[in-house]
Structures are given as structure tokens and as C-alpha cells.
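Protein chains: 6
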Amino acid sequence: MASKTNSLEDFRKNREMMNEKIMDLNHLGIKRFFNLDHNTYQDGALPAQTKELLGLVASAVLRCNDCIDYHLEQCAKSGSTKEEIIDALNVAMVVGGSIVIPHLRHSISTIEALEEEGLL
Amino acid sequence: MASKTNSLEDFRKNREMMNEKIMDLNHLGIKRFFNLDHNTYQDGALPAQTKELLGLVASAVLRCNDCIDYHLEQCAKSGSTKEEIIDALNVAMVVGGSIVIPHLRHSISTIEALEEEGLL
Amino acid sequence: MASKTNSLEDFRKNREMMNEKIMDLNHLGIKRFFNLDHNTYQDGALPAQTKELLGLVASAVLRCNDCIDYHLEQCAKSGSTKEEIIDALNVAMVVGGSIVIPHLRHSISTIEALEEEGLL
Amino acid sequence: MASKTNSLEDFRKNREMMNEKIMDLNHLGIKRFFNLDHNTYQDGALPAQTKELLGLVASAVLRCNDCIDYHLEQCAKSGSTKEEIIDALNVAMVVGGSIVIPHLRHSISTIEALEEEGLL
Amino acid sequence: MASKTNSLEDFRKNREMMNEKIMDLNHLGIKRFFNLDHNTYQDGALPAQTKELLGLVASAVLRCNDCIDYHLEQCAKSGSTKEEIIDALNVAMVVGGSIVIPHLRHSISTIEALEEEGLL
Amino acid sequence: MASKTNSLEDFRKNREMMNEKIMDLNHLGIKRFFNLDHNTYQDGALPAQTKELLGLVASAVLRCNDCIDYHLEQCAKSGSTKEEIIDALNVAMVVGGSIVIPHLRHSISTIEALEEEGLL
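Protein sequence lines, in the order shown, are assigned to chains A, B, C, D, E and F.
All letters in the first sequence, in the order written, are residues 1 to 120 by UniProt numbering.
All letters in the second sequence, in the order written, are residues 1 to 120 by UniProt numbering.
All letters in the third sequence, in the order written, are residues 1 to 120 by UniProt numbering.
All letters in the fourth sequence, in the order written, are residues 1 to 120 by UniProt numbering.
All letters in the fifth sequence, in the order written, are residues 1 to 120 by UniProt numbering.
All letters in the sixth sequence, in the order written, are residues 1 to 120 by UniProt numbering.
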């Protein structure tokens, strides 16, 4: 399913390009928020791996596919297995209800793309 | 702050009483959902401790104090430290924004009550 | 559980008093919205009874106890039975997830109060 | 507007394919949730037709186009007329506000597709 | 980036076409809501320019790209500068959290399209 | 209505006390977020007065009474009149729907308390 891999790759490129444009706005508050956001997922009292799972579940119950895709990749890179990611998404579905299911479907597509890339 | 301990205790009693009344409704779908919900936080691909942190963050970004209180207690009982819980709530605040802050304040009150009870 | 009946009665009085104050603001847009909101639940292509169930489920998944209480009473008055109301709340819980459960507990309290008043 | 019919058909195929992949994950909790979700809309204290309208309104106020499309089709199949569906969507718009309007526009497209297919 | 301009133009055309279809439904409640919605942003105690910024921030924290695009254009037309719009979006991001960031990225695209059209 | 004034005063004291406890946690990410949040409402491309109205509307559509109370006071202190605040809340109600009405009722109570204190 090369098309899906491309779709994830398109998301990454678009995300990076738009984030650069946002930085170029030179709005101090926005810059600081982006920096704060990035630091949130570094090792702290909780390891980065757990925090990425938390970010994934928060994104899933708030139903944002872009955020889900970003955290799915970070979950994979920080060492979570596919089974652990699915188990986290199950928590999101139970807390957030059937309205989360379309985002579970989306997640499976992205997980497939990450598997094809060898990241998961 | 004994009053806060009482408040947490009141929440527990009311929660248990109302859950029993819900079971007494004898609605099969509701009963099954409650059972499913309970099983969600058992050890699986992810340990119960991690799942409770996921439930806490999902509850915080969806901004439900009752759900937060329940998961705070379960986080404590499943072995998370205060520092880990605070780190998880920080993720919730960054993902969910300043609108989560009143729930962070609420969480601190409940964390104090759990500390007084020796659960955290 | 007289206290609960009083609590529902307090809600009604406070709601009516505050709505009058809102009308007294004399903001044309707000007045028109309140009028529009009232008309929404009149018989139309769907009967009022069904629309009140729709309003109840919308209120439950959006997790607003005041709105739930209002529509629970309207559901009772427009002819829905307790069993039908519980079945509607089950739909809300499945769509909206476990985060809806505290509002299910709240609903049961209000349903009890409506039963004591002979409205349900 | 054949393209729209195709779009609805694409949604159905993709939904079915992804749901099968989700079942293939063999996660017991997810499987049970999907089963529970399916049973929620069967005849009970309320008839399936009413429950599908409840599912539609819940989906609309929570603003999920995939969920809206699914329930629109189920509403049509369980016997609701276009006028009744529009009346239900009006309740959703009033409860959920103007933020629901883009989903009303989306619904109209899907309703047209269902009409072309003879389902509505 | 002509493609983006086209995309904004496509959104406008589709929005107008679908709104006409909604009016053609001849549902009195829906018609009145659309009229009420339109009047909300006229000069009142607050000038239209401020109200459009309010509509933009409300749309951003509720995370609706179509609503964001509409209000971005209205903000530009009612006299807000790009810097003011960015400052408003920053408020939305801080209140609503990192989950708003994908909508900030979307907003930047639309702002670029409005600049190319000479509207901003 | 002295009791309401006391209620607003209670909110302020509790908010300040809990915020101090949050600072005492010494979590760098949380501290930075609080600082960032505070700076968001300072004069920038938009004046503080407008930003507070934006914060109020964001809080109202996200339905957080504590956030509404905080921004209502800041709106009053930064120079908005009661009429302007009501006009902003009307935008919130139209965007967010009837589910916002209970928070409009709450806002009226707080506005009364601010009037009694001479802040509005």
C-alpha cells in the first residue's frame, strides 16, 4: 500500500513546511508554545515513551487525526510496540466512545504505513 | 484538610451508590458497557499502571472531574508516584490548553486527599 | 429522597429566575435565540416526544447536567417512559463513552426525583 | 451527482475494509466494544428507528462526518423520512450551534446520495 | 500557490451551493437559525470587526476548519490585519492547547490565499 | 445579592490558593505554561481588552465556568462594558449552541457580582 506510505510522508512534509511558516510569523507567544509543546514529551518523571502514549490517547479522545499521526510515529520511535499502541487506543475508544472509532480506523492506516517504513 | 478527605470519601460513596442503582436498572447494554469499561484497565499489552495514566489524561483533556478523581485514585493504587501523575497532567494541560487548568487545580485537591489517606 | 426533589426544584427556580434576567438584558439576538430554542422542540416532522429524546441525548454526549435535567423533565412530560429514557441514555453512553457515565449517574438522581413527583 | 454517490460508496467500502482490519487485530476489548456498539441500535425499549435518529444527533453535535454518514444511512433504512431526518438535524444544530452547520452541509450531500440510490 | 487560492475559492462555492440547498429545504427553524447566525456578526455593542475575531477564536478552539476559513475572510474584510488575526489565533491556541495547532497550520494556508487575493 | 459576591470572592481565593500549590509542585513545564498563559492576554497586535473578550468567548464555547468567571473579571478590568460583554457572550451562544445557555446563566450571576463590587 505505497499510496498510504506516501500519504503519511505528505503529512510529514506539509506539517514541517507549515510549522516553519508559523515560526516565520515571529509571534513570541506562538514560538514559546511550540517550544513548550516539544519539551513536554521529553523524559521527565515519566519516560518519553509513556508520554507519547498519553499524547496519543489525548489526541484520540479529542479526535484530531493529524495529532494522532504525529504521536503514532513518536510512539513507534520511542519504543512502543504495535500491541501496546492498540491497547492505548482501546482505552481512548472506551473513554471517548464510538465517536472515536473513525479515528481508530485512521490510526490503523497510519500504523500500516509505519510498519511498511520499518518504524513499527 | 480533613474536609477534602471527606469530600473524596463522599464522592466514592455516591459513585458506588449510583452505580448500584444503574446496575439495578437491568439494562443489558449498560451492564455490558460497565463491565467492558472495568476490564479496559486490567493488565494487557500495557500494564494497568500505564492504562490508568492514560485514563487520567483522557479524563483531564475531556475535562470531567469525577473521572479524574476516579483515575487519580487508581493511578495511586496501581503504583504511580505523585511526580508521575503530575507529569501526566502536564501532558493533558499542554494538549488540552489552559481550559484544563481548573481541572489541574481540582486534581491537586484530590491528590492532597489521597496523600492524607496514605494512598499516594 | 426529599433532598433530591428539592434539588430539582431548586434547579427549576434558579433556571427560571436567571432566564428572566437574561430576557431583561434586552439583547435582541439572545431573545431570538431563546425563542428559536423553545420552538425547536414543538411538534414538526418529528413529534415533540422524539425531539425531547434527541435533546436529551445531545445534552448527554455534550455532558451538560443542567441541559440533561431540563430534557429529562420534558421527556417525561411529553410521554416517554423511564425505560425509553434509559434506552436513550444508553445510546448517549455508547456514542460518547465512559466519560458520559458521571452524567448517567446524575440522570438517575433526576429520574428518581421525577418519579417522586409523579412525573415519570 | 454521480460523484457524490461514489463518494458515499467509497466511504462504505473503506469503512468495511478498515473495520475488518480492526477485527483482525484480535484485541478482545475492541471486539467487544464493536459488538456492543452494534447491539445498541437494535429494537429495545425504543425502536431501532428512534435510536438511529439519536445516534445521528449525537454524531452531529459531536461533529463526526463519518458517524453522521453511517447513521444517515441507518436512519433511511430503518424508516425515517427525509423530513424527519432534517428535523432531527435541526435539533442538533440548535443544541450544538453554528459550529454544526458545516456538518449540516455535509449531511445534505449524503442525503442526496441516499436519494439517488433510492434509499431515501 | 495558486492551488491554495483555488482551494479557498472551491470552499466558497461549495459553501454557497450547499447553503442554498439548505434554504431550499424550507425548514423554518433552520432558516431562522441561519438568519440569526448572520445577524450575530453585525455591528452592535461590539463592532463587527471584533465579533468576527470572536467568531474566529470560537471556531478555532472548537476546531472547525470550515468555520475558521469563513471567519478568517470576514476578519480580513472587516478590517483586521494579519498581525491581529495571528494574535487572536494565539489566544485560541493557548486556551485550546496543542490540539489547536493543526488548525493553526490550516489557518496559515488560508491567510496566504487571502493575501494572494489582496483581501489581507 | 451579597451571597453571590461572596461566591465570586470564594472562587478568587480558592483559585489563588490552588495556583500557589501548583507553583509549589515545581514542575518546569507547568510553570512555563502558566507564565505563557498570563502573557497571552497582555497588549500585543491586539489590545488586552480585545484579548480578554476572546478568552471569554473561548471559555464560553468550551463551557468552563471557572474560566468564564476569570475572564469576565478581566474583561471588566480591561475596560469592556456590560453591554459589550453580553454581546460577546451572544456570539459564544450562537457558535456553541443552546448547550452554552447554562453558562450564560452563570455569567449573568457573575456579572451581577462584579456590578455590586463596582468593577462593572
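What the hints contain is simulated information worked out from the structure, not anything from laboratory work.
The structure displayed is predicted, hence computed values, not measured ones.
Accuracy of the hints is not assured; some may be wrong.
To be verified - Partial pick of chain B residues on the chain C-facing surface, computed with a CB cut under 8 Å:
#, residue
1, L8
2, R12
3, K13
4, M18
5, M23
6, H27
7, G29
8, I30
9, F33
10, D37
11, S59
12, L62
13, C64
14, D66
15, C67
Unchecked claim - List of simulated lysine-lysine pairs, BS3-like, C-alpha gap at most 30 Å:
#, chain 1, residue 1, chain 2, residue 2
16, F, K82, B, K82
17, E, K13, D, K82
18, C, K82, B, K31
19, C, K82, B, K13
A virtual CB, placed ideally from N, CA and C, is assigned to each residue, including glycine.
**Request:** Please verify that hint: B:R12, Cβ, nearest Cβ of chain C, below 8 Å or not.
**Result:** violated, 13 Å
**Message:** E:K13 and D:K82 were given as a pair; does the straight-line alpha-carbon distance stay at or below 30 Å?
**Reply:** Holds. E:K13 to D:K82 sits at ~25 Å (cutoff 30 Å).
**Item:** Minimum beta-carbon distance criterion (8 Å), B:K13 to chain C
**Value:** violated, 12 Å
**Interface hint status, B:I30 versus chain C (Cβ within 8 Å)** = Constraint on B:I30 satisfied, holds at 5 Å.
**Prompt:** Does the interface hint hold: is B:D37 within less than 8 Å of chain C, judged Cβ to Cβ?
**Reply:** holds, 5 Å
**Message:** Interface hint check: B:C64, Cβ to nearest Cβ on chain C, cutoff 8 Å. Holds or violated?
**Reply:** With a minimum Cβ separation of about 5 Å from chain C (threshold 8 Å), the hint on B:C64 holds.
**Asked** For the pair supplied as a hint, C:K82 and B:K31, is the alpha-carbon distance within the 30 Å limit?
**Response** holds, 17 Å
**Request:** Decide if the proposed pair is consistent with the structure: C:K82 and B:K13, CA atoms, cutoff 30 Å inclusive.
**Result:** Holds - the C-alpha atoms of B:K13 and C:K82 are around 25 Å apart, at most 30 Å.
**Hinted contact B:M18 with chain C - closest CB pair below 8 Å** = Since chain C brings a Cβ to about 4 Å from B:M18, closer than 8 Å, the hint holds.
**Asked** Under the criterion of a CB-CB separation shorter than 8 Å, is B:G29 in contact with chain C as hinted?
**Response** With Cβ-Cβ at 5 Å, under 8 Å, it holds.
**Hinted contact B:L8 with chain C - closest CB pair below 8 Å** = Violated - the Cβ of B:L8 stays beyond 8 Å from chain C, reaching only about 15 Å at its closest.
**Request:** Using 8 Å as the Cβ threshold, decide whether B:M23 counts as touching chain C.
**Result:** Constraint on B:M23 not satisfied, violated at 11 Å.
Violated hints, listed in ascending order, are 1, 2, 3, 5, 16; each of the other numbered hints is respected by the structure.
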